[in-house]
Every structure is written in structure tokens, then in C-alpha cells.
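S.K.: Listed below, chain by chain, are the residues.
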Amino acid sequence: MAGSDRLRDYEHEAGLYRRRAVAAGVGALVLVLVLAGRLFHLQYLSHEHYATLSDDNRVRIEAIAPTRGLIHDRDGRILAENLPSFTLELVPERVEDLDATLERLRSFVDFDSADVERLRRAWQRARPFEGVPLRFRLSREEVARLSVNRHRFPGVDIVAGLTRHYPWGRTGVHALGYVGRLDEADLQRLDPRSYRATSHVGKNGIEYAYEEVLHGDPGVRRVEVNVEGRVLRVLDEQAPVPGEDIQLTLDLGLQRFAERLLGPEDGAVVALDPRDGAVLALASQPGFDPNLFVNGIGRDTYAALRDSPSRPLFNRAIRGQYPPGSTIKPIIALNGLERKSRDRDEEIHCRGYYTLEGRSRRYRDWKAHGEVDLSDAISQSCDVMFYDLAMDLGMTEMAGFLRKFGLGQPTGIDLPGERDGLIPDPEWKRRNRGEPWYSGETVIHGIGQGYMQVTPLQLATATAQIANRGRPVRPHLLAEAGPAEVRTDTKEEAPQNGDAVVARAREPVVEPVDLKVETDWDFVIDAMVDVTEGERGTARAIGWKSPHTIAGKTGTAQVFSIAQGEEYDAEAIAKQLRDHALFVAFAPAKAPRIAVAVLVENGGSGSATAAPVAQQLIDRWLEEHPPPADGEDDGG
Amino acid sequence: MLGARARGAPLTRLLLALRVDPPLLLGILAIAAVGMVVLYSAGGESTDLLIQQGVRLGIGLFVMLVAAQIPPRNLRLWSPWLFAAGLGLLVWVLVAGEMGGGARRWIDLGIVTVQPSEGMKIAVPMMVAWYLGDRALPPSFGRVLVTGALIMVPVALVAWQPDLGTSLLIASAGAFGLFLAGLRWRLMLGFLLTGAALIPVGWHMMYDYQRRRVLTFLDPESDPLGAGYHIIQSKIAVGSGGLYGKGWLNGTQSRLDFLPERSTDFIFAVFGEEFGFFGGVLLLFLYLCVIGRALYISAEAQDSFGRLLAGSLALTFFVYVVVNIGMVIGLLPVVGVPLPLVSYGGTSMVTLLCAFGIIMSIRSHKRLLAP
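First to last, the protein sequences are chains A and B. To get the numbering used here, take the position in the first sequence, counting from 1, and add 8. To get the numbering used here, take the position in the second sequence, counting from 1, and add 262.
The shape of chain A in the complex, shown without the other chains (with noise of 0.2 Å):
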């Protein structure tokens, strides 16, 4: 530095470093002058304009609503339309006094304390010249009414717009979900820019999913207005971009159905196409009119959904979290297998229960089976193999494997809300209650009991992948199109291509399982289709019933677990403690089309409440989508 500083000629650095500042200045003087001459411009030259602007006229920016798109489903039925409404809507800046005019509409319309609340508080809030909305759904007669006196009534509006309108009612509800009015927590989480007009937004399922397709881009109006707020003239306007329809690989006829089968029970249906996991059903009773919800429920009516023990609002098929039973109990044999811990002709003896080395506690089965071997295991669902197999597996080995079909975690369907479930192994139980595993543990969970929890889409998925020997599949609800945006879970950064995003929706969250032995398979869908074909199957009563070939699976959920040495009495156990009754199925066992997962809360055994529902889902489907002559197709 000393080297070079010498060198340094520090009279011409000051020089030039004056005749650089007053450059700068020069510069800043120059851009102070362009500044002042526009003001000089705004305020002199154009000063006429801006006042004529501000003080008599004003220009005020209206946006303009875009309409929100439909909703089919996969063969184009309407699932969600906007109806005409009428609204009645007060501006602040024209509404003089509050009270009296609410008190003088009093015998016009009929609104309730509810709905005056909700005014005010929007009151607060508002621009002075935009008009809050006080009752939704005139009817013709009100508008009638209205209309004659409307010059008693300054800053009282009668708005037309659309209304989102469901026409199936609570069919689908738990897929479909509902808009409504925006709320604070909606205004925190959307761009406002794009909502300045909007008054509904999609809360729940699709509606909620798609809401960037479905919502579009609002318009704007430039309006001249007086002093009194009145729009004097339009100065220009630009169209909103109305929102994108979409259709859903729901079918409504299939969704009827399932909700009909369910019937007064509460429970759960998913149907699945096992090929590229198009869910065809999605039910989740009981369910109710997302219709109420529209344009703000009423606060009893919604107490009464709220509070309800059969928890209406509840979505059973993505967020109950229910033991498995003994629906696991294929892809446990086939861990089985895979470990070499069986053979596939390797019989026990079962003696109606099970005990572990040295203990004297019995693990009951629900009955005697006698000598069975593997497939007689699955089929006649023998819980003895199971304990014992899952003794041989471990604990850790057996979650690792039943993970592999996207048990215990959530299966990324194109829904919000979507449950974990649980698939526990002995780190889990260690970190989350800070216990140690103990090995009686590992024989209940075996046969899907214990701590393990999934939800009937995951068992839905799970055995679609069954079904697909080892291809997983993502559910979706959305068919085509390319939608700019789903919400699901977690806030996308930059929008995308839309194929890109359709294409990583439709990425399933698990690695396709491989077997050492691919005719692991083969064995395990025969002894499912021996459930409901074979003699001794625990779901022979469907196999007979149907004409096409059923592979499945019955389940019991413990919901109560019975003290040693009792007997379980259906019959005595109030019927909330009862079992839930589980049953997943695929067909044709060959080529399958569709992918079933049932569950009836407290519907006791799977075969006798759940296996049927399965049973008339895939006979209606196949005999409305008849797969084609065996041997034509080609699975995929």
C-alpha cells in the first residue's frame, strides 16, 4: 500500500473528485428540475383537470367479479353451478343513518340480528362507496317490494349477481366441499388484488383445491361519480376473465349409489380406478347441504351439524383414522414371503388362540381354524398365522413394508385436510410416549390392531396397488386440464406449466414395490379372490352374488378392547363400542378396473356390512364399464 501510495498524486485526486461532485450536483439540480416541472405540469397546466376530478366528479375503480367456474363430473354432469341471486346491499357514504333506514326496511325484507351483525361488522371495513351486503337470496316478491319504494331508501341497492348453487345436494359433499363468503383468515391467505370484487371463495374440497382455476381474474370499471358516490358515466371497462370449468373423474351415478348403500350407517366409500387412481367414488356419511353454507349458515343450524355425535361435517374417507383389522393381512403375507419367514404351503395349527413363549396371556382368534396354510390364512382370515408372523417379521421390518403401500401417511390425493394416519414401529413409540416396544405388542399389530391407524382412502390406495402388483397410484379427483394451481398442503412459489403440475400431481408418493418373487403376487390375489370365491371365505356370501371375479379382504376394527377371559357380545355392547367394519376389494381379480375400500362405523364384522356395499359398487360399475373379453385387456 506504502508502494503505491507514493505514486499517488493526491492534488489531482482532489481535483477530480471536485469536478465529479459538482457533476453529481449538477445532475441532482437537473432531476429536481424535472421533478418541479411536473408538478409544475400537474399542477398548473393540468390543474383544471384534477380538480374537476376531485372535487366535483371523482374517478372511482370498480372491479368487476369474474364468474367462478362449473364442476362436472367425468361424463360432464353438472356437480356445482352459479344461479342468478338478487342481494341487498347498503353503501356507507349514501346510508345516512344506519338504524333508521335498517328499522324502515324492516317492512320490506326479512333479515335477522345475524345478519345485521354481519353488516356491521363488514361496515367497519368498508370503502365508503362500496356497497355490504345485508341479505343474500331476495326472493322475487321482496325485489318486487323493493323496487316500488326505492326512493325511500337512498344508499339501499338491489344487486343481481350468481350464487354458487350445489344441485345434488349432499351428494359428494366431502369431495365436492362448498364455497363461502370470504372471512378475514380468507383475505390474510389470498391476493387481495384478485378479490377486490369477490364475495365467495371455495372453503373446503375441490372448491377449495381448485380455487385459483376455478376463481379467474376480475375486470375493472373506471366510473365517474359525484359527491353523493352516484356513477355519473362509465369511462372504460375491461371484461374479467371468468373462471375455469372443471371436471372431476367423479361419477355422480356411482356416488349415489355408495352414499345409498351406506344408508343410515356412518362410514366410509372410495373407489378407485386402480389403473391411474381416478377416484370414481368418494363417500363419507353422513353428509349434509353444502348448500347452507353458501351465503352464511345460520348459527343453530350450524351448531346442530357442529355438535352432532355422527359428525356430519367429519370427512371420514380422507381424515377417519381407524385401525385396518385384518385387511393388512395380504400385504403381511406377502412381507411374509418376501422375508422368507413362509412358505407358501406351510401349515399351522390353529387352536383359537395364541401365546407367546413363556407367557400365559392368550391373543384370542375369532375362531378355531385348524390347520391352515397361508392362503387359507387370508382367506379364512386366520389371526393365529398372523400373530405368529408378525413375531417372525419384527415390528420394525412389518410398518417398513406395510409404508411401502402408502399406509400411515397421507396418499397426496388433490383434497385439503388429508390424515396421516399411523403405522407405528418401536422409534416411534419410543420418541412419542416414551416407552419401550413390548413383543405383545407386535402379535396384535399383526392382524392391524394396536396403535396403527389409516384412513380409507390410504386402504383404497393401497389396494388399488395390490391390485396393480406393486404399482403405486396417485387418488386425483381432478380428470383433464391443466389447472394453474392445486392446494393441497403446502403453498406453491411460482405458477407453472400447467401439464407439470397435473403431471407431479399425478407423481404417487410411494416407489413401486418389487418382489424377489413376482408370483408372490398371483398367490396372494388368489387366496383375496378365495375370500369371496373360495368355500371357507370370510366373504363367500358377495362371491356368490356377483357374476365377476372379486378379489378382497375383510376387516374388524376394534374399537373396544374386551378384558381377558370375556366374550365379545355384539349384543350387549352398546353399539358405539361396537367394531367398525372394514372391506377392500378389486375386480376383475385379472384385469381390475376398480379399487374399493368400506368402512361402517360400528358395523361389527366386515363381511356382513361391509363386503356387500363393495360387492354392489363393482358389480354396478363393470356391468356399466364392461371391461372387455378376457385376454383384450391390457391392464393399463
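Derived by calculation from the structure, the hints in this document are not laboratory data. Quick caveat: nothing in here was measured; it's all calculated off a predicted structure. Beta carbons: idealized from backbone N, C-alpha and C, even for Gly. Treat each hint with caution, since some may be false.
As the list claims (entries may be wrong) - Below, a list of computed lysine to aspartate or glutamate pairs in the DMTMM-like style, where the Cα atoms sit at most 20 Å apart:
1. B:Lys628 - B:Asp565
2. A:Lys412 - A:Asp381
3. B:Lys628 - A:Glu21
4. A:Lys524 - A:Glu631
5. A:Lys553 - A:Glu435
6. B:Lys628 - A:Glu19
Stated by the list, open to error - Partial list, derived from the structure: chain B residues whose beta carbon lies under 10 Å from chain A:
7. Ile313
8. Ser560
9. Ile591
Given the structure of chain A, go ahead and fit chain B onto it with the hints provided.
M.R.: Coordinates of chain B only, in the frame set by chain A:
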């Protein structure tokens, strides 16, 4: 000045003892006073707002006073370390910063949250002045390239947060250092042309939505619900003010809720409506005085470091003024830059007054360092 010092009133003597430059302080206080007057009107005659702003001004003036005590020699020694620390914090922000409004800008240190990009507005010109002031000026081509890299790294990190307004200010602070150091006109022209030539390439590489964003940025009126709404309303407010203005507290446009953000970024619209063209020119004149004084101080500084630092800080201050007012009166796209010493808000107030403290230190320590 020497005479003033000898004959000055007691107050002036006290200020000089505190190493405060009286003309600069006078200009700053005059602008801040105007700011308080407008803020009272813009904030709907709320005294709460005034008190909060007053507290911030007090904190800022204290920081200024402290900064004025630090000899430039120390500032020079600290420059690389401050710069390095600033870079470290910027990286930390990107990795672990607090999200706010879709951007990562803050670090939560438990007691306070820090916005490192704000400090870079001072650290970058310090670094540039340190690096360039070390050797003979004008800088060689190689030194110019190194300086360019020193500027671009923090600019890119801030732009990534993303905070385009701040990265713009940091970039201009660095660029002013280069300009004042005597960057050859030919080189400047060369850089400008290269930049212009790269625009189509960059445009080609952008996604559609990014292009749309740039277009909105350039033409706010194409987005009348967002940025354009502000512009349309603020032009009406300013234009309707006329030559003399509607008078204090009489701005109908701004007071009828038509004008958003009227206490912060768009406060000049309120000022323009109420005080008219002459008020606006007066405020511009005050800003010009402050900048002129600061540039004068920089030219009088002892060494290259002091000159370059004081000069680039003064010009950065000026960029705030031009960008903010230009945006309010529809000459420039809408960027979130406050009107210095007037807009409601604390962060920029403290940074700006700290910068003025540094400028004052460069002035007041001069004679002590002279042989």
C-alpha cells in the same frame, strides 16, 4: 467557517463541540418539521402517530450524534469487517430469516429483529470507499471490475429476498462511489451499453409471469387495481392541489380515504394537495440544500475514503427523494421507497440519520487529522 467558529453563538459552539454540522442539521430539522406537519394531516390528525414519529426522530438524531463521534479513520478500519458481517447476515437471512409478506428480510435475535439489508445501504458505500480510496484514482479497469463484484454480491442477495427497492438503493450507493472515484466516462458508457444489450437476452429468459410483472412495473396504469390505483389517486391529489394548495388539513382527496398509504410511501401526495406547487418546490429546495451541503463536505474531506463515502451517502439520499417523488407524481414505477425524513416509519429514518452522522464526522474530524 473558521470565522463562524470563533464568533459563533453559544449554541453553534456547542454543536461544533458535539461534531455536528449546523447547516446540515438545520436542513435535516427543517425537512423533518415539514414531515411532522404533513404527517399530522395524513394521519387523520392523530397525535399518536406524531409522537411515535417524534420518538423515531429522536432515536435517529441520537444515532447521528454517536456516528458523528467516530473518527473516519476508524470507519475506514471497520469497513471490510462491517461489509463481511453484513454479507454474513444477508446469507443468514436467506437461510433462516423470518418470513414476512412473502419475503425473507428479518433475523429474529430474540430481543430485536434485524433487517440486514438496511445496514448494507451504509456498509456497501463504506466498502467501496475503502477499496477504491486505497490506491491512486481514477481506478484501473481491474479495480472497477472488483468493485462491481463487491457491489453485485449484496445487491443480488437482497434482490433474492426479494426486496427490489432496497437492492436498487444499495446498487446505486455503490455505483455512486465508482462514479465519484472518477470512473472514466468511456467505461461508464461501455457498461451502460452492455447492460442495454443484455436486456433482450434477459427478457427472453424470463417466464411469462415475470414479464407481466415487469410490464406492470413499467406501466402501472395497466394494473388499475394494484399499483395503478395508487398512481391514479395520487396524481389526482397532487394535480388538484394547484399552485397554492388546498391548505393544511384541507386535502379532500387524501382525507377522504381515496389515497392509500398516505402516511408512508405516498405522503408526498398529501403534501402536494395541501401545499401546492410552491410547497413542493420549497421541499425540493430543502432537499437540494441538504444534498449540496453534504456534497460540499465530501469535496472538502481529507482523504479519498472520506470523500467517496460522504459523496455516495449524499447521492443515495438523493435517490430516495427522486424515486419517491417521481413515483408519487407518476414519473417512475411504484417501488417501496419512503420519502426521506418525511414518510412515517422508523427503519429508514435511523439509517438516513446515521449516514448524516458519518458525513458530519468526516467534516468535524478533518482538522484533527490534518498535519
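S.K.: May I ask which of the numbered hints given earlier this structure violates, with the numbers listed in increasing order?
M.R.: 2, 4, 5, 7
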